[in-house]
Structures are given as C-alpha cells and as structure tokens.
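S.K.: Chains as they are written, first to last, in this note's numbering: chain A, 2 to 210; chain B, 238 to 432.
Read the hints as simulated data drawn from the structure, not as lab findings. A couple of the hints might just be wrong.
Sample of chain A residues at the chain B side, in silico, Cβ under 10 Å [what the hints assert, rightly or not]:
| hint | residue |
| --- | --- |
| 1 | L29 |
| 2 | I58 |
| 3 | L59 |
| 4 | A62 |
| 5 | V87 |
| 6 | A89 |
| 7 | V93 |
| 8 | P103 |
| 9 | I174 |
| 10 | P176 |
Beta carbons are placed, not taken as given, at the ideal position from N, Cα and C, and that holds for glycine.
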Amino acid sequence: MSNWKEFSKGFWAENPTFRLVLGMCAPLAITTSVKNGVGMGVSTTAVLVASNIWISILRNAIPNQIRIPCFIVVIAAFTTIVDLSVHAFSPVLYDALGIFIPLIVVNCIILGRAEAFASKNQIWPSALDGLGMGLAFTVNLTIISGIRELIGSGQLLGRPVVPPAYQPSLVMILPPGGFITLAFLIAGMNVISRRLEIRRAAERKEAPQ
Amino acid sequence: MKLDFSTLMTIIIGAIFINNFVLSRFLGICPFVGVSRSLESSFGMGMAVIFVMTLTGFVTYFVNLILVITRVEYLQMMCFIIVIAALVQFVEMFLQKFNPTLYSALGIYLPLITTNCAVLAVALLNVKEGYNLIEAVLFSFFAAAGFALALVIMAGIRERLEITDVPRTMQGVPITFIIAAILSLAFMGFSGMKF
Numbered sequence: 002m003s004n005w006k007e008f009s010k011g012f013w014a015e016n017p018t019f020r021l022v023l024g025m026c027a028p029l030a031i032t033t034s035v036k037n038g039v040g041m042g043v044s045t046t047a048v049l050v051a052s053n054i055w056i057s058i059l060r061n062a063i064p065n066q067i068r069i070p071c072f073i074v075v076i077a078a079f080t081t082i083v084d085l086s087v088h089a090f091s092p093v094l095y096d097a098l099g100i101f102i103p104l105i106v107v108n109c110i111i112l113g114r115a116e117a118f119a120s121k122n123q124i125w126p127s128a129l130d131g132l133g134m135g136l137a138f139t140v141n142l143t144i145i146s147g148i149r150e151l152i153g154s155g156q157l158l159g160r161p162v163v164p165p166a167y168q169p170s171l172v173m174i175l176p177p178g179g180f181i182t183l184a185f186l187i188a189g190m191n192v193i194s195r196r197l198e199i200r201r202a203a204e205r206k207e208a209p210q
Numbered sequence: 238m239k240l241d242f243s244t245l246m247t248i249i250i251g252a253i254f255i256n257n258f259v260l261s262r263f264l265g266i267c268p269f270v271g272v273s274r275s276l277e278s279s280f281g282m283g284m285a286v287i288f289v290m291t292l293t294g295f296v297t298y299f300v301n302l303i304l305v306i307t308r309v310e311y312l313q314m315m316c317f318i319i320v321i322a323a324l325v326q327f328v329e330m331f332l333q334k335f336n337p338t339l340y341s342a343l344g345i346y347l348p349l350i351t352t353n354c355a356v357l358a359v360a361l362l363n364v365k366e367g368y369n370l371i372e373a374v375l376f377s378f379f380a381a382a383g384f385a386l387a388l389v390i391m392a393g394i395r396e397r398l399e400i401t402d403v404p405r406t407m408q409g410v411p412i413t414f415i416i417a418a419i420l421s422l423a424f425m426g427f428s429g430m431k432f
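Excised from the complex, chain B in its bound form:
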C-alpha cells in the first residue's frame, strides 16, 4: 500500500470542494432540502452522516474484497445496501447504550441515513475509483465532511431567510433550490484546483 501525499491531498480537496457531494454530484439532496431548516439539526445530521459514511467506507472495502474473491461482484449493490442498513442499526444501538447524550442529539437523523443516497454512492465510488483502504476511508470521511459543510452553510442561509420577504410563489422549496444553485456556482470556482 503506497501513500503518496499529493494523491491523498487531491482526494481530500476533491471530495470536500471540487466534487462536493451535494452541490456538484447531486447526492443526498433529500436530507439537504429536508433537514436544512435549522443550524442545530443540520449540524446533528452532518455529524451522523460523517460517522456512518466513514464506517461504511471502511466496512464495504472488506465486503468488496470478499465479493471479488468469491466472484460474485453482481451482488455488490445488494450487499452494500444491507451492510449500510445493518451498520446504521448497529451504530444506533451502540450509541443508545454507550453514549445516550449523543444518541438523543442525533435522534431521528440516524435511521434516515439508510436511504441517504450519498452513503451508498460513497461505497460504489470507492470501488469504481479503485481506492485502496486508506484512500477509501479518507475519501468517505471527507466526502461526508463536504456534505456536512454544504448542509450547515445552507441551514445558516435558510435561518436568515426566515426573516426576509420572499415572494409567495418562491417560498419553501423553490427558493431553497435557487440558493443551492448560487452555492453550487460558488463551489464551481474550486474546479481546476491542482496539487
């Protein structure tokens, strides 16, 4: 396993900024629209996603190894989704037992993560890009961090939006998407960065 600093740096910056999961790959839009109403809940969701996605990246790496060795790669999707569902359930039970404070803080956001397409996508992308274990875990962690970043920025803007006078037609979802478009334009400025 070789560790090249510039490759790792490219993966990290690429995952957070250049190919931000929400704003340029369009993954995890549902929680992005649904949970970004308040800063507090979006922060909780962000943390939960970082936790689960990093674990997913780690576990699915080994699951994929087993699939490749036994030559049943076509079961990849099914195995990954079951692993994610099991992992979310496990994390939920573990937190409930050993860290009730964090558990109650994350609350309903944990079970919702199973159907967050960003989590399955990170597992599939790790395989597609052929990352080794360290690259896969780093990519998963920073992709999730990018998701959390976009979510928290969005929540900050939407809290301001509460006290502004939005035209009635654009209230709710439409104005959220317009803001997302502008954020996405801003994040496009990162493309072309090289190390």
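In isolation and in its complexed conformation, chain A is listed as follows:
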C-alpha cells in the first residue's frame, strides 16, 4: 500500500510540472509535437529511475558534505548513457530534442528526488518513486504537447485530425504557445484542487454531527 503511495504521488499531490513547478525547461521547449514530448518523458524517466536506484545503493557511502556533487556526477553519467542511446537508436528524435537531452542533468526534478527521497530510502521504494515521478512527467509532457500540436498544427502524432477548413494557429507551436498552454493548465489544476478541498472540508464538517 505504501509502495503504491510512493508511485502515485507524482501524478497529483506532488505533480512536478503543475504543482511544484520544477524542471520547467523541457515541458516548455520540446512540447511542439506529441512524439517529442513522449520521447523526452521516457528519456527523463530512464535517467530518474537509474539515478534513484544508484543513489539509494550508495546512500551510506556518500559523505554528507559533498552529497550534491556526488549526485550530479551520478546523474550526469546516466544522462550520458541516455544521450548516446537516443543518438544511436533514434537520430530523428535526437535532432528534434537537441540540447535538451544533455540538459536532463540539470533538471531540478531529478536532483530533487535524489536529495529528498533516494538518499534516505531503500532501493525498492526509491525505484518506484523515480518511476512514478518519471511517468507523471511523461504524462504532463504528453498533455502539453497534445494540446499544442492539436491547436498549432491540427495534427496528433503527425496525422491530421481536424477538418481541412481549420486554420492552425501557428503561435501555439512557437515559444509563446508553450507559456500560454502551461499557464492555463496550472490554472485549471488550481481550480480543480480548490473545489476538491472545499468538498473535503464540507464532508469533514458534516461528519461529527
């Protein structure tokens, strides 16, 4: 049960993109098409799970004073592996993501999970934590890139899905579109979570009577 909690917290309560506003570069920059979004999400998940497991194994061997540099070196090693793998297996994706694959190193989510979770927990929960956070990040990227691709080019996964009469609004796949999409998604998330809170508070009030 607690394992399930470690896995699922990234999707709503501690959603990295919409709640904690961490690691914002990738969700804004590469989400011009669903393919790129999913590719980036999977790459980040791979680094996150691997570095979480490895840091959890090493957690008793790393001296406390220099833990941040140690974490960064571990993360950099796995990012290099992912960078070379993507370059070898999917050159098209590699070109599309460009500089943002190496920049996984400085994605705050990964260092944040290493510092807040993996350095204090056993291997198995750390792996689940990394997997949950990574998948939540992938889902976020997919949602953002889906909206931007649909409105900006009238396609989904490269296939036209809207009537030909629709004029795609180019601004959505240009830089401002990223900011606008994210702003409205975060606002929407705020509205829903406030409604939930009000309902929960009302239930609590009724319960004792």
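Add chain B to chain A, keeping to what the hints say.
M.R.: Relative to the frame of chain A, chain B by itself:
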C-alpha cells in the same frame, strides 16, 4: 583566429534578443519564475549569472580542447557540470574573501546557479556552434545579459502586478506564465533581423 565584425554583431544581437535564452530558447525558466518577485533580487541574480556564465564560457572552451585532444568527448557533459559546480564554488569563496559587499548582495543566488540550465546550455551551445574563443566568450556574456534583461523586465512587471486585481485562479504562477507569453511574443518581433 579571425574577427569579423558582422559575425560578432550577429552573435551578440542573436544572443540577447532574437534567441533570448529565457523567452525563445526556454533555458533557465526556474530562476525566471522563482526569483523575479522583486527588482532588487532579480538584478542581483542577473549580475551573478552574467559573471558565472562568462567565466564558464571561457573555461569550458579550454576544457573542451583538452577533451578533444585526449579523444574523450563523451565525458563532455560530466566535465562541464563539474567545472560549473567548481566555478560557482570558487567564485563564491573569492567574493567572500575579496569583495564581501558584492558577496552579501548576491547572497543565496550564487549557489543556485549550479542548477541553472542556462549555464550548462551555454557551454554545450558553444561547442555545438563551433565558436572560437572570442566568439564563445562574447556569446556567453551576451546570452547571460539577455537572461538578466528578461529577468529584470519580468520583475518590473510583477512588482506592478502586486497592486492589481488578478482573478484568484490565475494568481501566482499562471499569471507569470501569461506575462512571459506576451513578453515572448514581443521578443519574436526581433526575429528576422539581419546585419
């Protein structure tokens, strides 16, 4: 090493305006959202970033030369991130010793720069674009200046925003992103400038 005025001009204007790091390349968004609450702190952060990024551009140029000569280019990312972390630490100690006033002004912003993706990005972009030493240093300096410019503009707008009536749903991060979108639209006007 050849110096062509128009190439340098293209790099400078491109780095500040056309491909502004924050507003069109989406680098360094975290400090852009986090530190842009007041003009004073955003100015401090901007200065710190300019300082560290220029130094990074300079040092990583030589680090990359060593990597290329010894044929271990695949260690590029790891070496760059260590160089940046060391550099930030060094700058911090140096300022603390020789210029305590500036040190206390920059305060907590210095250590935060290590995880600013703009700094690592500038090192990687210098290599990717194949800049020579002067171009690399100029690009680093003006890219950082562009970051500082966006940060200061944003802070100015957000200070005004404090006294306006923003709908409750949009308060905080969402309205910041909407402003960023409008700023980004404005900066798109620079694209297509040629020298």
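S.K.: None of the hints should be skipped; say for each whether it holds.
M.R.: Checked hints:
no. : hint : result
1   : L29  : holds, 4 Å
2   : I58  : violated, 19 Å
3   : L59  : violated, 16 Å
4   : A62  : violated, 19 Å
5   : V87  : violated, 13 Å
6   : A89  : violated, 12 Å
7   : V93  : violated, 18 Å
8   : P103 : holds, 5 Å
9   : I174 : violated, 13 Å
10  : P176 : holds, 5 Å
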